[in-house]
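Visitor: Sequence:
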Amino acid sequence: MSASRSGLGPTRSICPVCRRGVEAEVAIRDGRVYLLKACPEHGRADALVYGDAERYVAMQRHVKPGESPLERQTEVVEGCPSDCGICPEHEQHTCLGIIEVNTACNLDCPICFAESGTGERGHGFSLTLAQVESMLDAFVRAEGEPESVQLSGGEPSIHPEILAMLRAARARGIELVMLNTNGIRLARDPRFAPALAEIGVHVYLQFDGFADSTHLAIRGGRLQAEKLRALERCAEAGVSVSLAAAIERDLNEHEVGEIVRFGVEHPAVTGVFFQPVTHSGRFRADADPLRKLTNSDVIDSICAQLPDWFRADDFVAVPCCSPSCRSATFAIYDGSDLVPLPRLVDVDRYLDYVTNRAVPDLAVREALEGLFSAKAAGGTEPTAERLDCVACGVGLPAELREVAARGFMVVVQDFQDPYTLDVRKLRRCCVSEIVPDGRLIPFCAYNSVGYREQVRAELAAAGGNGARRSAP
Numbered sequence: 004m005s006a007s008r009s010g011l012g013p014t015r016s017i018c019p020v021c022r023r024g025v026e027a028e029v030a031i032r033d034g035r036v037y038l039l040k041a042c043p044e045h046g047r048a049d050a051l052v053y054g055d056a057e058r059y060v061a062m063q064r065h066v067k068p069g070e071s072p073l074e075r076q077t078e079v080v081e082g083c084p085s086d087c088g089i090c091p092e093h094e095q096h097t098c099l100g101i102i103e104v105n106t107a108c109n110l111d112c113p114i115c116f117a118e119s120g121t122g123e124r125g126h127g128f129s130l131t132l133a134q135v136e137s138m139l140d141a142f143v144r145a146e147g148e149p150e151s152v153q154l155s156g157g158e159p160s161i162h163p164e165i166l167a168m169l170r171a172a173r174a175r176g177i178e179l180v181m182l183n184t185n186g187i188r189l190a191r192d193p194r195f196a197p198a199l200a201e202i203g204v205h206v207y208l209q210f211d212g213f214a215d216s217t218h219l220a221i222r223g224g225r226l227q228a229e230k231l232r233a234l235e236r237c238a239e240a241g242v243s244v245s246l247a248a249a250i251e252r253d254l255n256e257h258e259v260g261e262i263v264r265f266g267v268e269h270p271a272v273t274g275v276f277f278q279p280v281t282h283s284g285r286f287r288a289d290a291d292p293l294r295k296l297t298n299s300d301v302i303d304s305i306c307a308q309l310p311d312w313f314r315a316d317d318f319v320a321v322p323c324c325s326p327s328c329r330s331a332t333f334a335i336y337d338g339s340d341l342v343p344l345p346r347l348v349d350v351d352r353y354l355d356y357v358t359n360r361a362v363p364d365l366a367v368r369e370a371l372e373g374l375f376s377a378k379a380a381g382g383t384e385p386t387a388e389r390l391d392c393v394a395c396g397v398g399l400p401a402e403l404r405e406v407a408a409r410g411f412m413v414v415v416q417d418f419q420d421p422y423t424l425d426v427r428k429l430r431r432c433c434v435s436e437i438v439p440d441g442r443l444i445p446f447c448a449y450n451s452v453g454y455r456e457q458v459r460a461e462l463a464a465a466g467g468n469g470a471r472r473s474a475p
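Count along the sequence shown from 1, add 3, and you get the number used in this note's numbering.
Only true hints are included.
Distance condition first, Cα-Cα at most 20 Å in a straight line; then the derived SDA-like pairs of lysine to any residue: (1) K67 with P91; (2) K67 with L99; (3) K67 with Q416; (4) K67 with L11; (5) K67 with G12; (6) K67 with H96; (7) K67 with E92; (8) K67 with R430; (9) K67 with R427; (10) K67 with R431; (11) K67 with V426; (12) K67 with E94; (13) K67 with T14.
Label pairs and their computed distance ranges (CB to CB): (14) H257 with G46: 30 to 36 Å; (15) G82 with E239: 48 to 54 Å; (16) L132 with G203: 14 to 20 Å; (17) R314 with G12: 29 to 35 Å; (18) E28 with P310: 33 to 39 Å; (19) C21 with E148: 39 to 45 Å; (20) L132 with A41: 42 to 48 Å; (21) D440 with G12: 31 to 37 Å.
FYI, nobody ran anything at the bench for these hints, they're computed from the structure. Predicted model only: the values in this text are computed from it and were never measured. Backbone N, C-alpha and C define an ideal beta-carbon position, used for all residues, glycine too.
Please build the complete structure, drawing on both the sequences and the hints.
Guide: This is how it looks when you write it as structure tokens:
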């Protein structure tokens, strides 16, 4: 396999200090994968990007050609990552669009990559309903029929127009509408979960573990009781929930198995999304890029803590983005036993079929990629529909379709930061930040290159009334 096909070899990145573009190399050292780079002014800035080199190289075989968006918003002037977005160099459409409706929050999380918070930390912007509607329209123009959108913040639930914004997303026919929340309003406001249920919203609930030490380090407070109450409210209202767990080395790795077990057994929860902590925003000062927790580390922890349920080869590299960015498994749970889908269906064989055919059957491709892509963020309900695809022709057993409603998603998603940014991976990013001027900026570029700071400053200066388009 060539260096480019193996995910190794030369690439470009940025200096984590000045954020100027630098030459870089992805290389194996002692069985791990590192991004090696140096800035002429600030020196070396090497970073660990994947904890298992053998798995990293093997998963590259699932790289597939990207799907172009219907509309691109910018031209190539300086080159990636300075012309987002989406520019003609970008190789993938957007599976998941994110709209941050505010910078204010009711927490001051020590790890916040958005640097949101209470008091002065929350000063920045609060979008209007008209702005959000315009951003949703831009998403529709780019995608035609967008698959999923997530309203985020700050803390979006404290925005006075959040329900109207969620209704606006549903009115545009977006398949999956999500609310990314810390759950405090869900816990304290008994009317909120029923309102979300009426609109048809899926909740993406920050849920990092059970120990007070975890909550204090990640969220800045003891929040376990409110998280559990929020889940009770969702279960009572019939709102489906994905648990979103930020995982940091030497902090809450030991809790990943318990989080999965809790989610599997909770009536409202359809999946768990593990995200190694991103070393950007407020967390950059404490980062050690050579000890960064990676996807393979989280997968290994899940398997070690739940050996009767999972093994490493149950987790499939997601083909729509760069394979090392996201791994996922879909499991069937009958109340006592849990069986991952890859034990029942040879997912690798089907993905090889999709990748290696010049003109694969579109129904086959869409059915398989839908199981393990960002569009599956809503958990088992949309996934069950994809399993029940009689036109796909992949030979999924009928029994699987019958039990799919008892399924459960486990996803491990690593977002790039200023230390780990690799433009080859960035060009395949299928998660986009939608900004008020209509651009769709790849999420990892938004958090790493300077776009977030630019948009926040311009919106704050304009009183929340829009951001001009310019490179950071």
